[in-house]
Amino acid sequence: MNSEAVAVRDLVKRFGTFTAVDHITFSVRSGEIFGFLGPNGAGKSTTIRMLCGIIIPTSGSGHVLGFDLFTESERIKQSIGYMSQKFSLYLDLTPKENIRFYLGIYRVPPDSWDARMEWVFKATRLESVRDRPTGELPPGWRQRLALGCALLHRPRLLFLDEPTSGVDPLTRRHFWAFIRELTREGVTVFVTTHYMDEAQHCDRIVMINAGQIVAMGQPAEIVRKTLPDRPRADLGDAFVALMRKGRP
Amino acid sequence: MSLRKIKAIARKEYYHLIRDFRSLYLAFFIPLLLILLFGYALSLDVDRIPTAVVDQDRTPDSRDFIERLHASVYFNVVSCPPSTAELIRLLDANKAVVGIVIPPGWTAKLKAEKDSPLQVIIDGSDPNYAGNTRAYITSVVAQWNRKRLVTFLNRHGRRPIRVPVQAQIRVWFNEELESRNFIVPGIIAIIIMIVGALLTSLVIAREYENGTMETIRSLPIQGMEFFFGKAICYFFITLVDVLVAILMGQVLFGVVMRSSFWLMILASVIYIWVALSLGLLISVKTRSQLVANQLAILLTYLPSLLLSDFVFPQQNMPQVLKLITRMVPATYYIDILNGLYLRHLAFPQLWSSFAILSVMGVILSGLNIRALKKEGL
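Sequence order for the protein chains is Y and U. Note that my numbering has the first sequence beginning at 1, numbered continuously upward. Note that my numbering has the second sequence beginning at 1, numbered continuously upward.
It is possible that some hints are incorrect.
Claimed, not checked - With a straight-line Cα cutoff of 30 angstroms, these simulated DSBU-like cross-link-like pairs (lysine-lysine) come out:
| # | chain 1 | residue 1 | chain 2 | residue 2 |
| --- | --- | --- | --- | --- |
| 1 | Y | 122 | U | 7 |
| 2 | U | 147 | U | 111 |
| 3 | Y | 96 | U | 7 |
| 4 | U | 373 | U | 7 |
| 5 | U | 147 | U | 109 |
| 6 | U | 147 | U | 285 |
Quick caveat, the hints were computed from the structure, so don't treat them as lab data.
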């Protein structure tokens with residue numbers, strides 16, 4: 001199997017005359033936590049939607065888990081896990097019913113449904129609320145449920161689109177501990193975030209501004225390269241400096 | 001296409017439905033209400049016409065005439081006002097629809113074998129009703145005339161003359177001319193449209209409004225799986241509504257279908273499929289529950305009610321409107337139902353309507369799947 005979970009080359013997405021993603025090239029290695037950073041409107045969501053097979057790129061080339069972005073979006077959707085803060089679960093359904101829905105859609109064999117469901121409830125610590133309407137749960141709990149649903153079919157690649165926005169610090173810490181555990185089992189994680197402290201958890205990151213990649217590498221490496229004369233600078237300082245650079 | 005995915009979507013849809021009071025109300029209460037309202041209120045039969053008679057003649061003959069009138073099922077003599085002024089008041093107040101004035105000396109003129117006019121005033125505000133009333137009056141008067149003629153000839157020891165032409169009228173398909181017999185099939189067509197199209201017009205729009213459409217897009221679901229998964233629940237609900245409507249038509253209104261039950265179910269299944277496809281198409285195109293609802297009423301419910309031959313006969317419509325009625329699915333469904341309920345037809349006489357409905361279903365489903373594909377499914 002390919003050692004690159006994601007590989008894209010000169011990927012472009014245009015909406016009419018607006019270029020949301022402008023010739024980006026990068027790759028994600030199997031088993032790493034890969035951070036995708038950028039301000040709002042930089043093209044983060046468009047990129048992640050292309051990688052998840054939701055929209056077809058305008059031009060370029062790319063593979064996700066060996067499946068082509070242009071022709072095999074159905075296979076991609078079947079193989080990856082995708083969780084986003086922006087879209088929600090079905091709030092009028094209970095956690096159990098939400099999980100049942102995902103189990104059916106991901107074609108998990110029915111004889112392992114019970115086992116998968118128990119695993120999710122245990123991993124997300126939602127056992128006690130399995131039959132309560134999801135809408136009654138606090139945001140952090142829904143978050144966990146959404147993550148659990150995205151993992152039901154044991155994907156080897158997990159996309160997280162701003163997974164922790166609106167979640168308290170303690171829950172975020174738990175969340176990242178859980179993500180680390182997943183990578184130990186060999187899952188590749190692709191994450192977009194606004195929080196620079198979270199970006200520190202990533203093995204490698206890409207920063208994107210106005211649809212173009214402005215920095216790529218390990219977090220410490222990016223800080224060093226961007227602000228060579230400020231040894232005490234952190235990733236946040238580097239981010240601000242990089243985003244400013246791109247603007248006229 | 002995977003059956004398991006369709007099942008997963010259908011199950012989810014079922015949970016939504018049983019927890020949504022509004023949809024349940026629309027699915028079960030509205031059909032019952034419609035059957036009762038249409039069945040009891042919408043009677044197109046003209047009988048027991050409220051009639052007022054001013055008898056200025058006051059003879060046994062004039063009283064006999066009034067008696068005759070009252071005895072027929074068509075007229076109900078509600079009042080015998082003393083003066084024509086009073087009669088006008090009754091007509092103005094809509095207490096009577098027919099006013100009859102028997103002038104003084106009416107019987108005397110009759111006996112003298114002179115022309116003996118009888119004044120009949122009909123309220124023409126409802127032309128259809130007035131037309132029927134006029135026909136009934138003419139027939140009652142003709143009967144009375146003939147009876148008088150026969151007694152007159154008998155009294156003078158002459159043989160009654162023979163009427164040269166006698167129309168032997170026999171009504172087919174709906175012997176008692178009961179409007180209920182064609183209203184009940186019409187109600188079934190309207191109910192399917194309301195429940196089928198109105199309910200489904202909400203379901204995809206709701207996914208957009210709740211942001212869950214993005215979830216659906218991110219999952220390995222194809223347009224066809226989504227379409228069938230969404231439709232299945234509503235299909236069974238609508239089918240239950242059809243069965244309830246058939247049963248209520250039979251129990252409450254005595255409208256019994258004597259043709260093939262299974263042909264009726266087959267027609268209903270195809271028509272439900274058309275209604276659901278139309279509702280879902282509106283839903284995916286509008287993306288807003290409010291707009292979808294309005295559009296569903298405009299595009300499905302109203303044409304089914306007004307243009308389907310249910311309330312207004314298509315024969316009397318202008319050419320342009322007639323062409324539009326050819327595109328209303330209810331036209332064909334009501335055609336099939338009338339064929340089954342009233343004419344006792346079988347498949348060979350009805351196949352063309354079945355075929356057109358099926359073609360409509362295929363086209364609408366195709367449009368749905370194309371629209372969903374554009375949405376990334």
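Within a Cα-Cα threshold of 30 angstroms, do residue 373/U and residue 7/U meet the stated pairing? Status holds; Cα separation ~20 angstroms.
Agreement of residue 122/Y and residue 7/U with the hint, judged by alpha carbon distance not exceeding 30 angstroms: OK: residue 122/Y and residue 7/U at ~26 angstroms, within 30 angstroms.
Holds or violated: are the alpha carbons of residue 147/U and residue 111/U at most 30 angstroms from each other? OK: residue 147/U and residue 111/U at ~14 angstroms, within 30 angstroms.
Holds or violated: residue 147/U and residue 109/U, Cα atoms, limit 30 angstroms. 17 angstroms, holds
Hinted pair residue 96/Y and residue 7/U, Cα distance within 30 angstroms: 16 angstroms, holds
For the pair we were handed, residue 147/U and residue 285/U, check the Cα-Cα distance against 30 angstroms. Answer violated: residue 147/U to residue 285/U is near 69 angstroms, above 30 angstroms.
Figure legend: structure checked against the earlier numbered hints; the only hint not met is number 6.
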